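Enquirer: Sequence:
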Amino acid sequence: TLLAARDPYNSVHAMVNPKPTPSPSPEVETEATSEEMPDPTKPVLKAVPVEPGEGETNEPSPSPVPTETTSKAMKPTGTPVEIRRAIPVVRPSPQPSEPEVRRAEPADEDESN
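Quick note: the sequence shown uses the numbering used here, first residue 1, plus one each step.
These aren't lab readings, by the way, just hints derived from the structure by calculation.
In this text the structure is predicted, and so the values were computed from the model without any measurement.
Zero decoy hints are in this set.
Ranges between beta-carbon positions, derived for each pair:
1. Leu45 - Pro22: 37 to 43 Å
2. Pro80 - Glu51: 38 to 44 Å
3. Ala86 - Met37: 46 to 52 Å
Every residue, glycine too, gets a C-beta built ideally from N, C-alpha and C.
Kindly produce the complete structure, drawing on both the sequences and the hints.
Expert: The following block contains the structure:
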């Protein structure tokens, strides 16, 4: 830190005492670490694989193929809601056109050389 007695430029920061930074109490830290960390005296158990149930299968479900861009759905209140699906944008096929930059044509040579 810069002390006002040693500051040759009389800066404002040297004259103002810095505020002490608040340090968290050690009680709060011990409570948080005790909840996050397991008991070190107990052995660490191995992970057990979960067997898929009746409703779960390993095969991915086929994605629905959209046939229409709009469809109707019912709200819990009974009023229909319009659901819109996006139509993917396809780039147009490139059309042959004249190139924007043309090659330079060679200049005619003079016979005077």
